[in-house]
Amino acid sequence: MHAYLAEFVGTALLILLGNGVVANVVLPRTKGHASGWIVISFGWAMAVFVAVWCTAAASGAHLNPAVTIGLTVAGKFAADLAAPYIIAQLAGAIVGAILVYVFYRDHYPLSDDPSAKLATFATGPAIRRASSNLFSEAVGTFVLVFAVLLATDPVILIANEATKVFEPGNMKVGLGALGALPVGLLVLAIGLSLGGTTGYAINPARDLGPRLAHAMLPIPGKGDSDWSYAWIPVTGPVIGALMAAGAFAGAQMLEAAAKV
Numbered sequence: 002m003h004a005y006l007a008e009f010v011g012t013a014l015l016i017l018l019g020n021g022v023v024a025n026v027v028l029p030r031t032k033g034h035a036s037g038w039i040v041i042s043f044g045w046a047m048a049v050f051v052a053v054w055c056t057a058a059a060s061g062a063h064l065n066p067a068v069t070i071g072l073t074v075a076g077k078f079a080a081d082l083a084a085p086y087i088i089a090q091l092a093g094a095i096v097g098a099i100l101v102y103v104f105y106r107d108h109y110p111l112s113d114d115p116s117a118k119l120a121t122f123a124t125g126p127a128i129r130r131a132s133s134n135l136f137s138e139a140v141g142t143f144v145l146v147f148a149v150l151l152a153t154d155p156v157i158l159i160a161n162e163a164t165k166v167f168e169p170g171n172m173k174v175g176l177g178a179l180g181a182l183p184v185g186l187l188v189l190a191i192g193l194s195l196g197g198t199t200g201y202a203i204n205p206a207r208d209l210g211p212r213l214a215h216a217m218l219p220i221p222g223k224g225d226s227d228w229s230y231a232w233i234p235v236t237g238p239v240i241g242a243l244m245a246a247g248a249f250a251g252a253q254m255l256e257a258a259a260k261v
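Going by the numbering used here, the residue at position 151 of the sequence shown is 152; the numbering climbs one at a time, nothing skipped.
Hints are computed from structural coordinates only; laboratory data are not their basis. Since the structure is predicted, the reported quantities are computational estimates derived from the model, not experimental observations. For glycine and all other residues, C-beta sits at the position ideal for the given N, C-alpha and C. This list has only true hints and no planted wrong ones.
Just the calculated beta-carbon pair ranges, DEER-fashion:
(1) A250 with P29: 45 to 55 Å
(2) M47 with A258: 36 to 46 Å
(3) V103 with A35: 21 to 31 Å
(4) P221 with G197: 23 to 33 Å
(5) S133 with V40: 23 to 33 Å
(6) G251 with P110: 45 to 55 Å
Take the sequences, apply the hints, and build the full model.
Put into structure tokens, the structure is as follows:
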């Protein structure tokens, strides 16, 4: 699969499963109705896991403009590929959101709550205060991107015969689909611990793409798309990604200085 296509497909899968669990919880007469935040957080974590394992080999499975920006600024991703990746991610997010609507189309007319319908597409704050909401999105994304930057591949440890201490060997371990599990657990941790204030978009495409779909789709009784808030889940993650890249660069400099 071409890298750009992988980013498109992976992000569409991410939104289909991630926003799908939100729809399952908040829309009326679903089997998962009112099952709560734990189900949403776990569902989003599994959405990330599935999307990453399907596309990691082809594109690195960024699936998130904030991740692409963070890796680019940190020097771990080619700058000329960043814009096409972000475009593919945004397009995939729009398609994924449309698929969620088609899948749950019989349940939308049964709800008279426009905010619940919007929640199946985009995030919104529990308490609307721009500075706090922006801070929440920046911190959540910082944790995501900084952890991704610090992630290392598993290696086989070899015992040093002289010191009896296990040291990393030069053989990496291929974990296949299980290699996507750490990032899924990372998103689960962010959702459970830091998601209660804004719904943890931590991904500009994840929020903007579905919000555009919400504005375009003929959803009965949908209300507005809350564009006055929309800049926060786009700007906050970008700020968090830049902070993570800066912190990573600082950590590398300290490590290099310590070896001198």
